[in-house]
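Peer 1: Here's the letter readout for the chains.
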Amino acid sequence: MSTAPAPSPAAVQALRNAVIRLAGNSQDGIQSIGGILARLAGRTQQDVMTYMTIPSTISGGPSIFQVHLGSGEVLHPGDESDVLVAFYQHSYDSHLSALREGGICFYDSGEVKELKHERGIHHIGVPFTAATVEAIGGSARDRGKNIFVLGMLCAVFRLDKDKVAGILARQFGKKDESVLRNAMLAFDAGYAYPVGDITTFRFEEGEHTADRRISSDGNTMLSMGLIAAGVRYGSAYPITPWSSIMETLRTELPKYGGIYVQAEDELAAVSMTIGAAFAGHLAITGSSGPGLSLKMEALSYASMAEIPLIVVNVQRGGPSTGMPTSIEQSDLMQAIYGSHGDAPRIVIAPQDVEDCFYIALEAGRLAREYSCPVIILTDQALSSRIEAFTEPDLDKHWVEPTLDLSDRGADFKPYPLDAITRHAPPGTKMTGKYPHISGLEHDEYGHPSGNPKMHQKMTEKRRNKLVELSKKLPLPEIYGDQEGDILLISWASNLGQVKESVNRLRAEGHKVGAAHLRHIHPMPAGLDRLWKNFKKVAVVELNDTGVYGYGQLAMMIRAAYAEPKIQSICKTDGLTFRIREIVTGAEKIMSA
Amino acid sequence: MSAPAQEAASAAPSTLVTPPAMAAEEKLTKKALTADHPTWCPGCGDFAVLAAFYKVLEKLQYPHEKIVCVAGIGCSSRFPYFMNTHGIHFIHGRALPLATGISLSRPDVHVFVFGGDGDGFSIGGNHLNHAARKNIKLTYVIMDNYVYGLTKKQTSPTSPLGFKSKTDPTGSIDRPINPMKQLLASGATFIARTHAAQVKHMVDTFERAILHDGFSVVECLSECVMFYEGSFDDSTPRKGGTYDVIDEAQHDVKDDIAAYKLADLPSPGKFGVFYQVDRPTKNALEQRWIDDTQAKLGGASQKDILRRRFETMR
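Protein chains in written order, with our numbering: chain B, 24 to 615; chain S, 30 to 343.
No more than 25 Å apart at the CA atoms, straight line, and that leaves these computed lysine-lysine pairs for DSS-like:
| no. | chain 1 | residue 1 | chain 2 | residue 2 |
| --- | --- | --- | --- | --- |
| 1 | B | Lys456 | S | Lys88 |
| 2 | B | Lys456 | S | Lys60 |
| 3 | B | Lys456 | S | Lys56 |
| 4 | S | Lys59 | B | Lys452 |
| 5 | B | Lys436 | S | Lys60 |
| 6 | S | Lys60 | B | Lys452 |
| 7 | S | Lys59 | B | Lys436 |
| 8 | B | Lys197 | S | Lys325 |
| 9 | B | Lys456 | S | Lys59 |
| 10 | S | Lys56 | B | Lys436 |
| 11 | B | Lys278 | S | Lys325 |
| 12 | S | Lys84 | B | Lys456 |
| 13 | S | Lys332 | B | Lys278 |
In case anyone wonders, no lab produced these hints; they're calculated from the structure.
Could you put together the complete structure from these sequences and hints?
Peer 2: Put into structure tokens, the structure is as follows:
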């Protein structure tokens, strides 16, 4: 919103985008209404991005959900909000500072008693709790106040009431009839509540009209991508924020004739998955940071035995139990090197929610083609945030699962030195000897071998697959200026914020470009061409600069290219980047 | 799903336990099943286990390509290299979950797991409990020698109290695991004990284990002549011991309390089938869930199932 609300309640102001922050406790259902707002946006022509923080306590604790709705491309969840909805005094106290100057604060007048009149903020007290109880009846207590707030926001932003009702019906319709009825009562009460002397807003017509759009979070799209990639088997152990992927696969795969197994621990999970892969299937395991550490021994085995395997790691704040519901991108080195021995494996990272689908397809393709583990490094922000995007074209992307049990001739070798391994799974008739799959160093037939030359050759074979892959990978395109003062390099969920930072820095007169890496290991060959025409390079990532002063991806690129102009913009506060943090960091590096 | 996978998935698990018709083109002989010469020490009990396994396979005549041998780490875990069948030699302690992945995703193959006491009861102990309670369709032979042999004489989870090893130079002080009791508690549906010096009993026990529709475990005492010579003399008649086989006319194999009492007898204890019950395998239960789920989808193509899911996200 570009101007403060006008005094006339009749005025309707058109706007291009708005950031709404809902602040309450985790059990209040604010994520639920935030999600409905986001889905609504995806269903109209608006673009959307959400952001949430969840406490890691079992029940309760302060929680927020922020929705950024826009008529154009929405790149980031928003540094500051235009509207704050405060359910409690503590929500008000903690989040008022994140409300922009002249923004609107709706607060529960039964809960928030002490107001700070500052920075031209418009305060609108509404008895969320009391009005909800009045609408539904005494037995409701405060349940349903989230839906009341949803109704209120729909009126303020003139959102499509019928579409919201449709989403509510889908969400609550499966439960007891009274649940949907109460939800509609609360919604209508909120919609009709006289919020008083304020302008209402209407989003301008959006730009996405041609394509059929869907809205989803990243973990759901990753799961859908795995199914489309032909994955039908796998196993995992629950851990936040990975769990929702295994829950989805457990529920969905039976529809496709597959099985997803909840294992007794992380070691069993990766082992069962290797078992399914050895049996000839494309299989997937996954976890979050600490769980990936537990899988490491088996991952080295998969590199040694050349087993195709997909491993998802939804990164969270570490080390150890760390900040299990917060974001960090500090597992990059673990993903690439976190094992014993020289154990080459492929590491790729999705750049946004939509890409979670396509990265899964790519992981399946690479695992099969290079017969080795492929780690998908996603992160907590991508796992839970909701974005709207074009529905994937399944006619184009669907991969039929295959199980190759064709007879193998007498010359079959499981580990040929001059070709990529193509295993003969159980059930395959062998004209020659049956193959042995081995974690011991082996000769071309899989026999254990302590021959020094053989270990050297096999190590080279396993490594050279990745060298070949690096030559085939496309260089990322540079966003913004193709030459100039600074190139920002990012990976995982930082794409949108980095692009928006480029926009702001260029608006300030700097010559700035940005490149986003999806292929983390191996990196595309010739990456140095990207920064040839920039004076400085800054790698933007959510991890610590460590003992030597550089973040994890920055370390990797510096090591690979010995390029001293590479610097780092890093932080580890458990939150996604704000635009001004990146802008300030880049300005500092440019002026150094 | 590809045609062979569909075929595999539609095969009822129960069809896997009946001895199949003889493969038309190839008779499964010891010669056909033999691969590398075993690397075990001369006199090792494991040779007899391998020989017994050849005999059982010669008898059952499963299609050659449908046999899969799986192992973790240990002397006995070298087993797959000595079998000319599909084989995988995995990491220490995780042979069972690996085999679980094969068994659940490929109901058309026969999964055999081999390992020692360290692999099964120590580093992989938790997996034994869970594979047992889930009743995964496979056969697991634990070649128990009461010692770590590959690493040259450290105490194992089944080493008796007082056993002198490199890690217990004054004698083991930790109470050993009782494999039969542990397996009974964990819910295994076929639990037996045999002896590498009793080839006929071994062959019979393996056969019953393999024909059991569920998780079948055989503890097979197998002497390590290098690091624990004489460990099983008390159950070896030619060395003055007694080989006391369970009389199934007296012992009801469905009675877990009776089995528990048998398992509590002092060394050398009893041999034979301690316990066997029918309980649906996880393989069958998962397949039932798949069938029920798919029945509700009205024959939609897999691509359309995913399309419908996208429709709910619009």
